[in-house]
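Number of protein chains: 2
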Amino acid sequence: MDIFDQIEKPTLLLDEATARANLSRMVAKLRALGVRFRPHFKTHQSISIGEWFRQAGVEHITVSSLDMARYFAGAGWQDISLAFPANLRQAGALGELARQVRLHLLVESPETVHFLGQRLEAPVELWIKIDVGNHRTGVGVDDPAAVAAVCRAAASFPHLHLRGLLTHAGQTYRAHSPEEICRVYQASVEALNRLRRQLATDGIGPLEISVGDTPACSACTDLGAVDEARPGNFIFYDAQQLQTGACTAADIAVALACPVVARHPERGEVVVYGGAIHLSKDYWVEDGEKKYGLVALPAGKRWGEPLPGAYVSGLSQEHGILRLPAEALARVAVGDLLCLLPAHSCLSVQVMGSYLTLDGLAISTLNCPGRDAAA
Amino acid sequence: MDIFDQIEKPTLLLDEATARANLSRMVAKLRALGVRFRPHFKTHQSISIGEWFRQAGVEHITVSSLDMARYFAGAGWQDISLAFPANLRQAGALGELARQVRLHLLVESPETVHFLGQRLEAPVELWIKIDVGNHRTGVGVDDPAAVAAVCRAAASFPHLHLRGLLTHAGQTYRAHSPEEICRVYQASVEALNRLRRQLATDGIGPLEISVGDTPACSACTDLGAVDEARPGNFIFYDAQQLQTGACTAADIAVALACPVVARHPERGEVVVYGGAIHLSKDYWVEDGEKKYGLVALPAGKRWGEPLPGAYVSGLSQEHGILRLPAEALARVAVGDLLCLLPAHSCLSVQVMGSYLTLDGLAISTLNCPGRDAAA
Numbered sequence: 398m399d400i401f402d403q404i405e406k407p408t409l410l411l412d413e414a415t416a417r418a419n420l421s422r423m424v425a426k427l428r429a430l431g432v433r434f435r436p437h438f439k440t441h442q443s444i445s446i447g448e449w450f451r452q453a454g455v456e457h458i459t460v461s462s463l464d465m466a467r468y469f470a471g472a473g474w475q476d477i478s479l480a481f482p483a484n485l486r487q488a489g490a491l492g493e494l495a496r497q498v499r500l501h502l503l504v505e506s507p508e509t510v511h512f513l514g515q516r517l518e519a520p521v522e523l524w525i526k527i528d529v530g531n532h533r534t535g536v537g538v539d540d541p542a543a544v545a546a547v548c549r550a551a552a553s554f555p556h557l558h559l560r561g562l563l564t565h566a567g568q569t570y571r572a573h574s575p576e577e578i579c580r581v582y583q584a585s586v587e588a589l590n591r592l593r594r595q596l597a598t599d600g601i602g603p604l605e606i607s608v609g610d611t612p613a614c615s616a617c618t619d620l621g622a623v624d625e626a627r628p629g630n631f632i633f634y635d636a637q638q639l640q641t642g643a644c645t646a647a648d649i650a651v652a653l654a655c656p657v658v659a660r661h662p663e664r665g666e667v668v669v670y671g672g673a674i675h676l677s678k679d680y681w682v683e684d685g686e687k688k689y690g691l692v693a694l695p696a697g698k699r700w701g702e703p704l705p706g707a708y709v710s711g712l713s714q715e716h717g718i719l720r721l722p723a724e725a726l727a728r729v730a731v732g733d734l735l736c737l738l739p740a741h742s743c744l745s746v747q748v749m750g751s752y753l754t755l756d757g758l759a760i761s762t763l764n765c766p767g768r769d770a771a772a
Numbered sequence: 398m399d400i401f402d403q404i405e406k407p408t409l410l411l412d413e414a415t416a417r418a419n420l421s422r423m424v425a426k427l428r429a430l431g432v433r434f435r436p437h438f439k440t441h442q443s444i445s446i447g448e449w450f451r452q453a454g455v456e457h458i459t460v461s462s463l464d465m466a467r468y469f470a471g472a473g474w475q476d477i478s479l480a481f482p483a484n485l486r487q488a489g490a491l492g493e494l495a496r497q498v499r500l501h502l503l504v505e506s507p508e509t510v511h512f513l514g515q516r517l518e519a520p521v522e523l524w525i526k527i528d529v530g531n532h533r534t535g536v537g538v539d540d541p542a543a544v545a546a547v548c549r550a551a552a553s554f555p556h557l558h559l560r561g562l563l564t565h566a567g568q569t570y571r572a573h574s575p576e577e578i579c580r581v582y583q584a585s586v587e588a589l590n591r592l593r594r595q596l597a598t599d600g601i602g603p604l605e606i607s608v609g610d611t612p613a614c615s616a617c618t619d620l621g622a623v624d625e626a627r628p629g630n631f632i633f634y635d636a637q638q639l640q641t642g643a644c645t646a647a648d649i650a651v652a653l654a655c656p657v658v659a660r661h662p663e664r665g666e667v668v669v670y671g672g673a674i675h676l677s678k679d680y681w682v683e684d685g686e687k688k689y690g691l692v693a694l695p696a697g698k699r700w701g702e703p704l705p706g707a708y709v710s711g712l713s714q715e716h717g718i719l720r721l722p723a724e725a726l727a728r729v730a731v732g733d734l735l736c737l738l739p740a741h742s743c744l745s746v747q748v749m750g751s752y753l754t755l756d757g758l759a760i761s762t763l764n765c766p767g768r769d770a771a772a
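In order, the protein sequence lines correspond to chains A and B.
Residue 398 is where the first sequence starts when you use the numbering used here, and the numbers rise one by one after that.
Residue 398 is where the second sequence starts when you use the numbering used here, and the numbers rise one by one after that.
Just so you know, the hints here were simulated from the structure itself, not pulled from any lab data.
Keep in mind that the hints are not guaranteed to be accurate.
[What the hints assert, rightly or not] With a straight-line Cα cutoff of 20 Å, these simulated EDC-like cross-link-like pairs (lysine to aspartate or glutamate) come out: (1) Lys426(B) - Glu663(B); (2) Lys406(B) - Asp464(A); (3) Lys426(A) - Asp624(A); (4) Lys698(B) - Asp648(B); (5) Lys687(B) - Glu686(A); (6) Lys687(A) - Glu576(B); (7) Lys426(A) - Asp619(A); (8) Lys406(B) - Glu493(A); (9) Lys406(A) - Asp464(B); (10) Lys426(B) - Glu456(B); (11) Lys687(A) - Glu686(B); (12) Lys687(B) - Glu683(A); (13) Lys406(A) - Glu605(B); (14) Lys698(B) - Asp756(B); (15) Lys698(A) - Asp399(A).
Let the sequences and hints guide you as you build the complete structure.
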């Protein structure tokens with residue numbers, strides 16, 4: 398009897414051994430490089446999976462919301478970086494949490510620093526968000542005057558401890574090879590160090606540098622002159638990471654098992670019960686096509702290699718439309734299961750809310766703390 | 398004190414009065430046309446909102462999963478259509494539910510009919526999924542032989558009652574005007590009636606016709622020769638429906654209230670706490686741009702009209718990137734709230750899992766039955 402026999406509806410399968418191996422590799426790599434490991438827990442969002450990290454010696458974590466910070470603080474995590482621009486409307490609650498754990502907050506303007514300095518009483522660690530080319534949030538890495546203004550605002554509040562510069566080179570996710578990832582990453586590290594030196598000549602510092610992303614942490618042998626790294630996605634990887642060259646298919650540790658509900662060989666398509674509310678609607682573009690995931694067959698204790706030429710071509714709320722080559726399609730029947738490797742594992746975990754391990758154990762998450770994956 | 402003062406994080410606001418008005422209009426319209434109203438509950442997924450429908454005289458409902466069917470059966474709904482291709486792996490559970498309520502299932506192949514006929518003991522109503530041009534699932538409307546084969550398979554099982562032909566003209570969602578919606582819809586109704594007549598000449602029938610979509614049910618004055626309509630999205634509408642011409646902005650009954658966390662006037666952008674995990678990643682394309690939602694200001698008891706030229710241009714897991722015209726941007730500060738009108742309200746409801754009404758009441762859903770929207 399294997400795990401697949403008990404599955405009747407879309408189920409997020411978790412290969413614990415593969416995930417733990419991904420974790421061990423990253424722990425060892427960052428330890429060898431002398432870089433503090435502050436993994437992002439927004440990918441797995443699970444207290445149980447957090448324990449794997451604790452067993453691996455991790456003491457510092459990153460989260461992306463106050464709810465997530467509280468959830469993991471409740472599980473005993475004491476040093477938490479909320480790596481999202483500080484939400485002033487939650488200042489009261491942030492202040493409460495700052496009494497319970499060492500809390501790190503992210504700022505990018507003197508106004509925000511002033512607001513926090515006046516509202517918060519407990520000490521917090523402050524990091525300045527630097528934009529190194531992703532153009533999402535942050536002060537431009539080439540704008541030392543603006544960064545200095547934020548630093549000086551922090552200096553006027555003794556309980557706000559300025560720790561350093563924090564960035565997320567999200568543009569590495571759009572790379573197509575390990576070489577491209579590392580070129581983008583190294584350029585960002587050089588720019589950050591230039592900025593750090595300029596601030597030092599103005600008497601500001603010492604400042605740490607904290608970097609973000611899974612592609613660089615996976616693909617680059619040397620992370621350069623940085624103090625901390627916050628990768629999150631590496632614990633599971635996904636099809637988008639496979640596209641960047643940051644991982645192999647064998648490293649992908651989650652897959653969505655979906656019942657086949659219709660076959661359309663005349664269109665080269667199969668329809669599964671597994672749609673946007675199970676995978677999310679994130680996708681990558683390849684050969685001019687939008688792809689929401691890859692497709693694998695159940696294979697004993699795990700799922701197999703991605704079927705060549707097969708992918709998730711469309712999603713409705715519950716329908717997944719799969720493009721399958723004729724030979725693979727011929728072997729699939731209504732009532733079978735297919736395993737979808739998601740475009741973006743972080744979002745699939747969020748929408749599913751829970752996992753079923755390959756050993757049949759249910760793991761819940763922040764999103765639905767009591768929901769049984771197998772129900 | 399208004400509802401906005403208590404909001405500290407992304408919150409899905411529900412304008413109950415507008416939603417109930419949308420419901421009343423649809424009830425009256427279908428009653429006047431003599432078409433059975435079988436609303437799709439996958440949009441709101443709430444027992445409480447279901448009560449509004451019951452108060453409006455609705456007795457028949459549509460759902461898109463077994464879990465959803467059980468959820469509403471538990472709230473007393475007795476006539477439920479599971480309008481998703483029958484999932485054979487859940488045959489046992491489907492059979493159990495069929496003992497409790499009048500259950501309608503969707504089929505598209507003789508093999509599925511045979512499987513259900515042999516596995517189920519309780520009577521079920523069967524509908525054949527017909528593809529009228531959306532090319533997602535279903536037997537082609539121009540393939541009477543294939544449809545007849547499914548009908549004959551059903552005839553060999555006395556407890557499988559063949560009710561009719563069911564379709565979803567999803568291609569109306571890509572229309573750009575009420576006239577285009579109705580052209581597409583009328584063509585599909587003519588094709589379905591042609592099919593029904595052909596089957597009748599083969600001695601198959603009588604068969605009902607059940608149609609799907611909110612754009613047609615909203616925009617067309619006459620639904621033609623059909624027996625049942627299953628619109629769902631109309632209860633809230635959304636930005637995509639606005640694009641098709643199926644509704645006005647004033648009909649949109651849900652909006653995601655999001656704290657502003659960063660301003661980037663140099664890019665004409667504002668960043669909010671409200672990302673893919675709050676809105677979903679569904680979008681429409683307008684002027685060559687991907688748009689994930691429209692933007693409105695809090696306005697007393699509700700939100701205002703969409704700000705001209707403003708839209709959600711990008712989403713990360715928690716970040717929402719908003720493009721705002723300079724004049725609107727100048728009036729927005731970090732710590733303010735902005736209201737996002739989602740691209741696709743069904744998916745936003747799914748990812749948020751609960752609502753806060755404009756009167757401050759919390760409404761939960763199937764996705765998270767106990768979660769308090771205001772927590």
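Status of the hints after comparison with the structure:
1. Lys426(B) - Glu663(B): Between Lys426(B) and Glu663(B) the Cα gap is close to 49 Å, so the pair fails against 20 Å, i.e. violated.
2. Lys406(B) - Asp464(A): 10 Å, holds
3. Lys426(A) - Asp624(A): Measuring from Cα to Cα gives roughly 14 Å; hence the hint holds.
4. Lys698(B) - Asp648(B): Since the Cα atoms of Lys698(B) and Asp648(B) sit roughly 15 Å apart, the hinted pair holds (cutoff 20 Å).
5. Lys687(B) - Glu686(A): Since the Cα atoms of Lys687(B) and Glu686(A) sit roughly 16 Å apart, the hinted pair holds (cutoff 20 Å).
6. Lys687(A) - Glu576(B): 30 Å, violated
7. Lys426(A) - Asp619(A): OK: Lys426(A) and Asp619(A) at ~9 Å, within 20 Å.
8. Lys406(B) - Glu493(A): Status holds; Cα separation ~16 Å.
9. Lys406(A) - Asp464(B): 10 Å, holds
10. Lys426(B) - Glu456(B): 16 Å, holds
11. Lys687(A) - Glu686(B): 16 Å, holds
12. Lys687(B) - Glu683(A): This hinted pair holds, its Cα atoms lying about 18 Å apart.
13. Lys406(A) - Glu605(B): With a Cα-Cα distance of about 30 Å, the restraint between Lys406(A) and Glu605(B) is violated, given a limit of 20 Å.
14. Lys698(B) - Asp756(B): The given pair, whose Cα atoms are some 8 Å apart, holds under the 20 Å limit.
15. Lys698(A) - Asp399(A): Roughly 7 Å separates the two Cα atoms, so the pair holds.
Going down the numbered hints, you'll see the structure goes against 1, 6, 13, while the others check out.
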